[in-house]
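**Student:** Below are the chains, spelled out letter by letter.
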Amino acid sequence: NAGVTQTPKFQVLKTGQSMTLQCAQDMNHNSMYWYRQDPGMGLRLIYYSASEGTTDKGEVPNGYNVSRLNKREFSLRLESAAPSQTSVYFCASSERAGANTGELFFGEGSRLTVL
Amino acid sequence: DAKTTQPPSMDCAEGRAANLPCNHSTISGNEYVYWYRQIHSQGPQYIIHGLKNNETNEMASLIITEDRKSSTLILPHATLRDTAVYYCIVRVAVGTGGFKTIFGAGTRLFVKA
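As they're listed, the protein sequences go chains C and H.
Position 67, counted from 1, in the first sequence is what my numbering calls 67; the numbers after and before it change by one each time, with no gaps.
Position 22, counted from 1, in the second sequence is what my numbering calls 22; the numbers after and before it change by one each time, with no gaps.
Source of the hints: derived by calculation from the structure; they are not laboratory data.
Zero decoy hints are in this set.
Derived EDC-like pairs: lysine to aspartate or glutamate, alpha-carbon spacing no greater than 20 Å straight-line:
(1) H:LYS3 with C:GLU103
(2) H:LYS3 with C:GLU59
(3) C:LYS57 with C:ASP38
(4) C:LYS9 with C:GLU108
(5) H:LYS52 with H:GLU66
(6) H:LYS52 with C:GLU103
(7) H:LYS52 with H:ASP67
(8) H:LYS112 with H:ASP82
(9) H:LYS112 with H:GLU14
All chains, please: the whole structure from these sequences, using the hints.
**Tutor:** Structure, rendered in structure tokens:
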């Protein structure tokens, strides 16, 4: 019962470096999401994928790219990391794209520090 | 563009009911209200959701007003482990046929012994 798995759990980058956060779910969910959470703040939606083959911007997409590799996997890429991207990143998934199927299942988070 | 408003913090005595309010005055007829909580820096945990009828599960009860413009999450017997940030959410339909879930700032609930 892995649920939603994120890698890596911790990462330290220098300004300008690139990296990819990986997310995989084993629940056959259609929709997947990436959020970021800054200290003392709520979660903000970066990108989401309502279904395999589609991706859309959320509230704070600048500086990020995503790939829905297949139904299971949804990756988040930082092309040129900036200190403002220091945050905890959460991946989530939900079953179907319907009004009554919105229960999100979250991963444990990836803590990223950009120096 | 969170569609809900919540008080920033609340206190509750251990063993008493915790009543967490949420306003969602712009909710549409087919939009559900969801509640999550986040303990420390863990990923948020689903609690309950509803459309217009009151709902109850093993964790909590959800009371939605008749006009659906507000709701209350009730933890019937709060424990210290219920200390967390509670998020009230209305999901936003998107053009690709799905929904996106926007979190607001939430209510930080402190349960005190």
